[in-house]
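Engineer: Based on the hints, put chain B in the right spot on chain A.
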Amino acid sequence: MMLPGEREPVIVQNITGRYGRLHTKLMLDYGTNVAAGAAPGKAGQSVEGVPVFNTVAEAVEKSGARASAFFVPAEFAYSAAEEAILAGIKLLVVITERIPVRDELKMLELARRHSASIVGPNCPGLIVPSRKVKLGIMPVTAFAPGKVAVFSRSGTLMYEIADQLTRAGFGQSVALGIGGDPINGITAGECLDFVESMPETEAVVVVGEIGGDAEERLARHIKKAAHSKPVVAYIAGRHAPKEKKMGHAGAIIYGNFGTADSKIAALRDAGVNVAMTPSEVPVLLRQATT
Amino acid sequence: MRLFEYQAKDLFKSYGLQVPNSVLASDVSGVKQAFERLTPPVVLKSQVLAGGRGKAGGIVTVSEEAQVERAAASIFGLAIGGEKPSSILVEESFPHEKELYLSVTLDRGDRSFVAIAARAGGVDVESVTDKVVRRVPLAGVDEAFAGGMAAELALPPPQAGQFSRILVDLERLSREKECELAEINPLAVDAAGRLLPLDAKVIVDDNALFRHPEFAKLHPEDEFEGEASRQGFAFVRLGGDIAVVGNGAGLVLSTLDLVGDAGGKPACFLDLGGGAQQDRIEAALRLVNRLPEANRILVNIFGGITRTTDVAQGILTVISEGLTKPLYARVSGAEEDAAKNMLAGTPVKLYGTAPDAVRAVVNAI
Chain A
4 MMLPGEREPV IVQNITGRYG RLHTKLMLDY GTNVAAGAAP GKAGQSVEGV PVFNTVAEAV
64 EKSGARASAF FVPAEFAYSA AEEAILAGIK LLVVITERIP VRDELKMLEL ARRHSASIVG
124 PNCPGLIVPS RKVKLGIMPV TAFAPGKVAV FSRSGTLMYE IADQLTRAGF GQSVALGIGG
184 DPINGITAGE CLDFVESMPE TEAVVVVGEI GGDAEERLAR HIKKAAHSKP VVAYIAGRHA
244 PKEKKMGHAG AIIYGNFGTA DSKIAALRDA GVNVAMTPSE VPVLLRQATT
Chain B
587 MRLFEYQAKD LFKSYGLQVP NSVLASDVSG VKQAFERLTP PVVLKSQVLA GGRGKAGGIV
647 TVSEEAQVER AAASIFGLAI GGEKPSSILV EESFPHEKEL YLSVTLDRGD RSFVAIAARA
707 GGVDVESVTD KVVRRVPLAG VDEAFAGGMA AELALPPPQA GQFSRILVDL ERLSREKECE
767 LAEINPLAVD AAGRLLPLDA KVIVDDNALF RHPEFAKLHP EDEFEGEASR QGFAFVRLGG
827 DIAVVGNGAG LVLSTLDLVG DAGGKPACFL DLGGGAQQDR IEAALRLVNR LPEANRILVN
887 IFGGITRTTD VAQGILTVIS EGLTKPLYAR VSGAEEDAAK NMLAGTPVKL YGTAPDAVRA
947 VVNAI
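Residue numbers (this note's numbering), protein chains in the order written: chain A, 4 to 293; chain B, 587 to 951.
Hints may be right or wrong, so weigh each one.
To be verified - List of simulated lysine-lysine pairs, PhoX-like, C-alpha gap at most 25 Å:
no., chain 1, residue 1, chain 2, residue 2
1, A, Lys245, B, Lys641
2, A, Lys247, B, Lys803
3, B, Lys787, B, Lys684
4, A, Lys45, A, Lys65
5, B, Lys787, A, Lys247
6, B, Lys763, A, Lys247
7, A, Lys247, B, Lys670
No lab work stands behind these hints: they were computed from the structure.
The shape of chain A in the complex, shown without the other chains:
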């Protein structure tokens, strides 16, 4: 995975849709260089002064972008992701929710063959405050430049926790949404590996939730990798019922698989400080970094 640099050109897919337009404006306001947009049949239009092209290939050619913020509806997501990857996009930030899981598997397989990274799907995107880079939908008021990396399966919990971190004096080096679906592109383990060699990151916050075994896998990875930077985690859903999808497609407990208790125990066993509430995160972070 690579993170775009300051003023590096990026594109927006489905830039002429309701969310594409709104967030293009908000990304530009933040200082991100949205240099082109793609929307089939909309060539020649512009959105907030950003030129629109029919294809991703043209948008990439005219802008030189390697990264795309993806706002394509779920029904068309696979073919639009394929178009982006074949056009040379190396960082595809998929905001779209409700993509069928088999389409996600196909997207990931194609991305792997072309050495492209997918962030999400069903995520708020990523933000690098010191570079004024935002590829996503997060409210920028919650974030400030700093040294804590935040990785989250949930969007609003990422904002809530980033906001509490910012108020407590902990800015963020990067915040990235892993996604709320059963299948994710970039995993929390890969994110930890990435920030281990990112000098501006001094500590990591991981926000998990019920469903699947991503946090248990992360715990095994932390034990094996023996990274140097302290990790604080928060897991939502300790009181969630079984067999019920709690908003996110991936947030579901089957039997005893995917419970918050299992995740918390695995992370603690790996030496991670686990907060019981969002407001406890800055407290544990202060303990871990002093």
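Structural biologist: Frame of chain A, contents of chain B only:
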């Protein structure tokens, strides 16, 4: 979306998978008629989505006509996981010597579909240690793949052939109907070596339903869950008395934890979704105001793209329409001072943090 067993078995049949002869009955007299049409002994199976039907008493074998009425009445009256059946599947029993396990399911960690088979069926597959797991290619499996699994299970030749055909059909069903899980547990083997699926569990990928209109309306839905789904809300009914509303699945999940930790019982999980506007908060408050088991409402909003002033305006509108339940709210983020001013002087109880709002709503009664 999880299918009822009888729906899953209908789907099995359309893919060439054999299942026992059966009749679906929606009342006791229907069960009696079904008994007459089938060859006893028959198995009466409660059609609920909850697991653990056998242990709970939702599956009863009957051989004599005299037993039918009583057994059927007891199953119709039996709630399993809070769920009473609206039908009973009456099925001819299949005397067998051995039970296998077979499924095609999503392996989230491996990011692929896998076929799982085991020589021990009828039990929770998590507890089976000697299972065979193979990654399913995106294009599907063929007889050679299936034969390889049968060989790993050390099935004798005639059984191996049947097993392979069943796996190929099950995988094709899973792929074409975009199932997260297609499971046969148990896959019974009788004395003559014939394999027959006795149970069928199918969970369809909710996000793929737009490609599968055939699954629409398969479920009798809860009135409130149905309305919430039409409004585009993520909504789960939880049985307690505090309606929990917020923007974003993780935030609402985290709010449920705060309520639970404080000793409260949530009536529902309601996620307005990202970028929620005034009309959405209004629709959500109207919905939970009608939810009979909820006697108070907790709203937790972290405003960003959702403007807190839109939320406040939505709350004011619903109050003017006659909101009857006390409302506790934490509204934080963009434009929060303006939002708080708008709600000052109204019956809404406003708190600066989520834990403060939760403590207040839990201790209100």
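Engineer: Work down the list of hints and note, for each, if the structure agrees.
Structural biologist: Now the hints, each set against the structure:
1. Of the pairs offered as hints, the one joining Lys245/A and Lys641/B holds, with about 18 Å between alpha carbons and a cut-off of 25 Å not exceeded.
2. At roughly 19 Å between alpha-carbon atoms, Lys247/A and Lys803/B fall within 25 Å of each other, so this suggested pair holds.
3. A hinted pair counts as satisfied when its Cα atoms are at most 25 Å apart, and Lys787/B with Lys684/B qualifies at roughly 19 Å.
4. Among the hinted pairs, Lys45/A with Lys65/A is consistent with the structure: their alpha-carbon atoms are about 16 Å apart, no more than 25 Å.
5. Of the supplied pair hints, the one linking Lys787/B and Lys247/A holds, its CA atoms being roughly 16 Å apart against a limit of 25 Å.
6. Using a Cα cut-off of 25 Å, the hinted pair Lys763/B and Lys247/A holds, with the two alpha carbons roughly 21 Å apart.
7. Simply put, Lys247/A and Lys670/B have alpha-carbon atoms about 17 Å apart, close enough for the 25 Å limit, and the pair holds.
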